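K.L.:
These protein sequence lines map, in sequence, to chains X and P.
The working numbering puts the first sequence at residues 3 to 377.
The working numbering puts the second sequence at residues 295 to 656.
By construction, these hints were calculated from the structure, which means they are not laboratory data.
This one's a predicted model, so the numbers in the text were calculated from it and none came from an experiment.
Every residue, glycine too, gets a C-beta built ideally from N, C-alpha and C.
Take these hints with a grain of salt, some might be off.
[As the list claims (entries may be wrong)] Where chain X lies over chain P, by a calculated footprint (3+ residues, C-beta under 8 Å):
# : region
1 : 309–317
2 : 355–366
3 : 466–473
4 : 532–542
5 : 621–631
[Stated by the list, open to error] Derived CB-CB ranges, DEER-like:
#  : chain 1 : residue 1 : chain 2 : residue 2 : range
6  : P       : E305      : X       : H287      : 39 to 45 Å
7  : X       : A20       : P       : D627      : 25 to 31 Å
8  : P       : G454      : X       : R127      : 21 to 27 Å
9  : X       : R117      : P       : A342      : 27 to 33 Å
10 : X       : A297      : P       : E305      : 50 to 56 Å
[Unchecked claim] Taking beta-carbon pairs under 10 Å as the criterion, some of the chain X residues facing chain P (in silico):
#  : residue
11 : G13
12 : A15
13 : Y46
14 : D52
15 : A359
16 : T367
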Amino acid sequence: MRYVDEYRDAGKARALAAEIAALCEPDRTYTFMEVCGGHTHTIYKHGIEDHLPDTVHLVHGPGCPVCVIPMGRIDDAVHIALRPDVIMTTFGDMMRVPGGDASFLDAKAAGADIRMVYSPLDALRIARANPDRRVVFMAIGFETTAPSTAVTVLRAAAEGLDNFSVFCNHVTIIPAIKAILDSPDQRLDGFLGPGHVSTVIGCRPYEFIAALHGKPLVVAGFEPLDILQSVHLLLRQLAERRAAVENQYGRVVPWDGNPKALGALSRVMELRPHFEWRGLGFISHSALRLKDEYAAYDAERLFEVPGIRVADPKACQCGEVLKGVLKPWQCKVFGTACTPETPIGTCMVSSEGACAAYYNFGRFTRAAVREATRS
Amino acid sequence: MTADQEQREQEVLRRIERTRGRPARLRDERITMAHGAGGKATQTLVEAVFLTAFHNPVLARLEDQAVCEAGGARLAFTTDAYVVSPLFFPGGDIGDLAVNGTVNDLAMAGARPLHLSAGFILEEGFPVADLTRIAASMAKAAAVAGVQVVTGDTKVVERGKADGCYLTTAGVGVVEHRFELGAARARPGDAVLVSGPIGEHGTTVLLARGELGIESDLESDTAPLAGPVAALLGACGEGVRCLRDATRGGVATVLNEIARASGVAVVLDEGAVPVRAQVRGAAEILGIDPLYIACEGRMVVVVDAARAEAALDALHAHPLGREAALIGHVVADPAPLVLCRTEFGGTRIVDVLVGDPLPRIC
Numbered sequence: 003m004r005y006v007d008e009y010r011d012a013g014k015a016r017a018l019a020a021e022i023a024a025l026c027e028p029d030r031t032y033t034f035m036e037v038c039g040g041h042t043h044t045i046y047k048h049g050i051e052d053h054l055p056d057t058v059h060l061v062h063g064p065g066c067p068v069c070v071i072p073m074g075r076i077d078d079a080v081h082i083a084l085r086p087d088v089i090m091t092t093f094g095d096m097m098r099v100p101g102g103d104a105s106f107l108d109a110k111a112a113g114a115d116i117r118m119v120y121s122p123l124d125a126l127r128i129a130r131a132n133p134d135r136r137v138v139f140m141a142i143g144f145e146t147t148a149p150s151t152a153v154t155v156l157r158a159a160a161e162g163l164d165n166f167s168v169f170c171n172h173v174t175i176i177p178a179i180k181a182i183l184d185s186p187d188q189r190l191d192g193f194l195g196p197g198h199v200s201t202v203i204g205c206r207p208y209e210f211i212a213a214l215h216g217k218p219l220v221v222a223g224f225e226p227l228d229i230l231q232s233v234h235l236l237l238r239q240l241a242e243r244r245a246a247v248e249n250q251y252g253r254v255v256p257w258d259g260n261p262k263a264l265g266a267l268s269r270v271m272e273l274r275p276h277f278e279w280r281g282l283g284f285i286s287h288s289a290l291r292l293k294d295e296y297a298a299y300d301a302e303r304l305f306e307v308p309g310i311r312v313a314d315p316k317a318c319q320c321g322e323v324l325k326g327v328l329k330p331w332q333c334k335v336f337g338t339a340c341t342p343e344t345p346i347g348t349c350m351v352s353s354e355g356a357c358a359a360y361y362n363f364g365r366f367t368r369a370a371v372r373e374a375t376r377s
Numbered sequence: 295m296t297a298d299q300e301q302r303e304q305e306v307l308r309r310i311e312r313t314r315g316r317p318a319r320l321r322d323e324r325i326t327m328a329h330g331a332g333g334k335a336t337q338t339l340v341e342a343v344f345l346t347a348f349h350n351p352v353l354a355r356l357e358d359q360a361v362c363e364a365g366g367a368r369l370a371f372t373t374d375a376y377v378v379s380p381l382f383f384p385g386g387d388i389g390d391l392a393v394n395g396t397v398n399d400l401a402m403a404g405a406r407p408l409h410l411s412a413g414f415i416l417e418e419g420f421p422v423a424d425l426t427r428i429a430a431s432m433a434k435a436a437a438v439a440g441v442q443v444v445t446g447d448t449k450v451v452e453r454g455k456a457d458g459c460y461l462t463t464a465g466v467g468v469v470e471h472r473f474e475l476g477a478a479r480a481r482p483g484d485a486v487l488v489s490g491p492i493g494e495h496g497t498t499v500l501l502a503r504g505e506l507g508i509e510s511d512l513e514s515d516t517a518p519l520a521g522p523v524a525a526l527l528g529a530c531g532e533g534v535r536c537l538r539d540a541t542r543g544g545v546a547t548v549l550n551e552i553a554r555a556s557g558v559a560v561v562l563d564e565g566a567v568p569v570r571a572q573v574r575g576a577a578e579i580l581g582i583d584p585l586y587i588a589c590e591g592r593m594v595v596v597v598d599a600a601r602a603e604a605a606l607d608a609l610h611a612h613p614l615g616r617e618a619a620l621i622g623h624v625v626a627d628p629a630p631l632v633l634c635r636t637e638f639g640g641t642r643i644v645d646v647l648v649g650d651p652l653p654r655i656c
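Based on the sequences and whatever the hints tell you, model everything.
P.N.:
Written out as structure tokens, the structure is:
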């Protein structure tokens, strides 16, 4: 398949792996965080870690949009969805994420009309087709998906659609990275920057990471060779004692981002004073809401939302696991209160989260897996 | 890591193992769509509700069909329900699906399918022309598979109570060989084959719903597999350990069931798994893995490695197995995992999904 296979070439991967190994200094380990859940998925799907020396660790960051939504927001959304006059629309991977009470999948089983869509514009189509129902779009995601929500609101306003609204849970990536960097116990050597988010915000917003925190960041693409090359670029910066923002994903990410998308965003949305993140707690100016001019499309104002707050249990140490301070099994609730069937923190929600992966496969060491697949 | 830490990690791992070893507990208060997807949620439902209620040794094997002795003959017996939407899709419809699905469940025991029953649940207002078309396609599929629909039932429910037409079929077949086939029979060293390119049925139906705006010339792979099974057993006899059609949950789920039942591990070669470009493309766009997409005319074959070549030759000689491929092999450890050697040169664990593969947003 063109534009895919050339980024998955095993021969090129082996060559890059050799260069990566050569760049690693003896007697030291490297810990890099891939900020984006999409990267985690690529790393897992292609087995990228098998191309890395044992001294290079990849830590999964907070960039899985469905995993960082706090339980209370899901309960609020379920509350709206259960109204008989409402059709709730959502991206597929939101369906199974548990709230304090129920997931969308459970709410659907209890009678809520919840429909999977592939774009907020699909939700708009459903609103046009059902003028006697109120159609709500469960808006989630970072700056990657927020512009499409903004454009959808603008289009609804232009059409004068009065039965469409957005339950806005969009979050922004920089405050989450700041929260991790400000933690005194983080031990990260650098970041793989989120490629999709960067197509919108560009590379400049990351410059403080290199300038103030002295850590390199490489904006990375989503094919396996993109990731390997980005790790290589990070290691090269460290070897040269440099810390800079570099753009590996230049074929998609412009240095200054996408002004049109940013324009739509700033027309429709503004920063919330603070927002809660599952596992990371409240972070200031870390999420978006609709501006007053678009209040007519804001589900939070149109419906009585209970504003449920389900505190992450005190014992949950997701933040420490996310920062790479603790291994999953060292968390106080791991495997007892927090399991893949009853997840508490973000790391257990997604099947690729560090805790879920450890729960399912922790008993199999990578060495055993490698041994079995050697023929 | 200190010795103390290592000990604590081992304790945590033992605790998880104890939890896994307990009988499945159904936590859900209501049925959700995940319970019908063939993954972990389905497995838990079947074990917690049905195995508990009906417990008997034949059911406990959890094969696609029951093989029972009756009057000196070995009979294979199975039933299946069909709720596909849309009812008509490129390459087939609910009618031939209902015949082929049940025929295939019988064929996976190496049985010769004989007779089917058909139960129709029809929604008030359903066009008779559509029903006639479905019946005609069932008749055609039955003729191709060499079976007859010999009994049936019809019920009508009020408008809105069914999605046009639901269909159930049951089937009996006769087992004329003495080989032991079953998910528990895989042995380290065995070869794993698939009878053709995977994921075409699931992808076709997904695209036929028209929600994605993707066009393709893909067709469902729905087909009766009794023919290729007979060819396989003829060529390899008791060298064949296990046959499973890769329906709900796809090849990944079937291999996990085999690994679990046999207490072995399976190592797949991603590059060897046949997947058509259209299926790969759609799966890439949606962020789902073809290994989990349903097929309705493809089977996974576990065969003694010494007979693998003969098995492939036999499949290749049959029109429904022309693109059969050797996709992996069985190893002893680390059981019960399914591992995949990726084309990129890495490895990954191919787990059973909880429910349907859901499109990813990122």
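K.L.:
If a hint holds in the structure, say so; if it does not, say that too.
P.N.:
Status of the hints after comparison with the structure:
1. Counting residues of the region 309–317 of chain P whose C-beta lies closer than 8 Å to any C-beta of chain X gives 4; at least three are required, and the coverage claim holds.
2. For a cut-off of 8 Å, the count of residues in the region 355–366 of chain P with a CB near a CB of chain X stands at 0, and the three-residue condition is violated.
3. Coverage of the region 466–473 of chain P by chain X is violated in this model, with 0 residues showing a Cβ closer than 8 Å to a Cβ of that chain against a need of three.
4. Counting residues of the region 532–542 of chain P whose beta carbon lies closer than 8 Å to any beta carbon of chain X gives 0, which falls below the threshold of three, so the coverage claim is violated.
5. Check result for the region 621–631 of chain P against chain X: holds, 5 residues qualifying (beta carbon to beta carbon below 8 Å, three or more required).
6. P:E305 and X:H287 have their C-beta atoms about 42 Å apart, which keeps the hinted 39 to 45 Å range intact.
7. Separation of X:A20 from P:D627 is about 29 Å and conforms to the stated range, judged on CB atoms against 25 to 31 Å.
8. In this structure the supplied range 21 to 27 Å holds for P:G454 paired with X:R127, their Cβ-Cβ distance being about 22 Å.
9. The supplied range of 27 to 33 Å is met by X:R117 and P:A342, whose beta-carbon atoms lie about 29 Å from each other.
10. Checked against the given bound of 50 to 56 Å, the beta carbons of X:A297 and P:E305, roughly 54 Å apart, stay inside it.
11. The interface hint given for X:G13 holds, since its Cβ lies 9 Å from the closest Cβ of chain P, which is under the 10 Å cut-off.
12. Annotation: X:A15 was flagged as interfacial toward chain P, and the flag holds, the nearest CB pair being 5 Å apart, inside 10 Å.
13. For X:Y46, the interface hint holds, the least distance from its beta-carbon to any beta-carbon of chain P being 6 Å, beneath 10 Å.
14. A cut of 10 Å between beta carbons decides the hint on X:D52: the least distance to chain P is about 4 Å, and the hint holds.
15. A cut of 10 Å between beta carbons decides the hint on X:A359: the least distance to chain P is about 9 Å, and the hint holds.
16. Taken as an interface hint, X:T367 checks out: its beta carbon lies about 9 Å from the nearest beta carbon of chain P, inside 10 Å.
In this structure, the hints that do not hold are numbers 2, 3, 4, in rising order.
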